[in-house]
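A.B. asks: Sequence:
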Amino acid sequence: MVHPIQELAHDHRELSALLLAVRDALARVERGQSNLDDERHEIGDGVEVFREALLEHFAREQEGVLPFVVARLPAVRPRVDQLIAEHDRIAEALTALVRDLGAVDAGGGLGALRASLSRFEELYASHSKAELGFLTEVAETLADDADATEQLRTLLDEP
Numbered sequence: 001m002v003h004p005i006q007e008l009a010h011d012h013r014e015l016s017a018l019l020l021a022v023r024d025a026l027a028r029v030e031r032g033q034s035n036l037d038d039e040r041h042e043i044g045d046g047v048e049v050f051r052e053a054l055l056e057h058f059a060r061e062q063e064g065v066l067p068f069v070v071a072r073l074p075a076v077r078p079r080v081d082q083l084i085a086e087h088d089r090i091a092e093a094l095t096a097l098v099r100d101l102g103a104v105d106a107g108g109g110l111g112a113l114r115a116s117l118s119r120f121e122e123l124y125a126s127h128s129k130a131e132l133g134f135l136t137e138v139a140e141t142l143a144d145d146a147d148a149t150e151q152l153r154t155l156l157d158e159p
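Just so we're aligned: 25 in our numbering is position 25 of the sequence shown, and the numbers increase by one with no gaps anywhere.
No wet-lab data here; the hints were simulated from the structure. Any given hint might turn out to be false.
As the list claims (entries may be wrong) - Derived EDC-like pairs: lysine to aspartate or glutamate, alpha-carbon spacing no greater than 16 Å straight-line:
id, residue 1, residue 2
1, K129, E7
2, K129, E86
3, K129, E14
4, K129, D11
Kindly produce the complete structure, drawing on both the sequences and the hints.
C.D. replies: This is the structure we're talking about:
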């Protein structure tokens, strides 16, 4: 059976797929394969769905998983603090992306949106890699602790 903390990796795959769909839609417009009016829904709704899923993912981690991990493995607190700080930077970059998308909707150009999306993708990819590595280490450390595994499963199943 998959360790419940590894289930968070699935969130990252889904989030990455949403981000890829937004990037692809913007690229189609930039290459002239489609016009902005045709892709506006894909881009705007994609960013919104991504934003909601990302904030839910961060909440699951920060309100449940990460405090639990620190309680079980106090030595990882500095890494957890770093992940939470990265969550804040990602949220700020996402706010800039939403702002620049709004500017496009108001008739602005795509340059600022493309730049925001690129900055966001870079930050998110770097964080995802670091976070998945950390979660893998935690899962391996707690793998033989049946009580911890069950408590994590319960935390992740909560809405």
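A.B. asks: For a C-alpha distance cap of 16 Å, please report whether K129 and E7 respect it.
C.D. replies: Given pair K129, E7 holds - Cα atoms ~15 Å apart, limit 16 Å.
A.B. asks: Run the distance test for K129 versus E14: straight-line Cα separation, threshold 16 Å.
C.D. replies: With a Cα-Cα distance of about 14 Å, the restraint between K129 and E14 holds, given a limit of 16 Å.
A.B. asks: Would you mind confirming whether the straight-line C-alpha gap from K129 to E86 stays at or under 16 Å?
C.D. replies: 12 Å, holds
A.B. asks: Given the hinted pair K129 and D11, is their Cα-Cα distance within 16 Å?
C.D. replies: Cα-Cα ~13 Å, so holds.
Of the hints listed earlier, there is not a single one the structure fails to meet.
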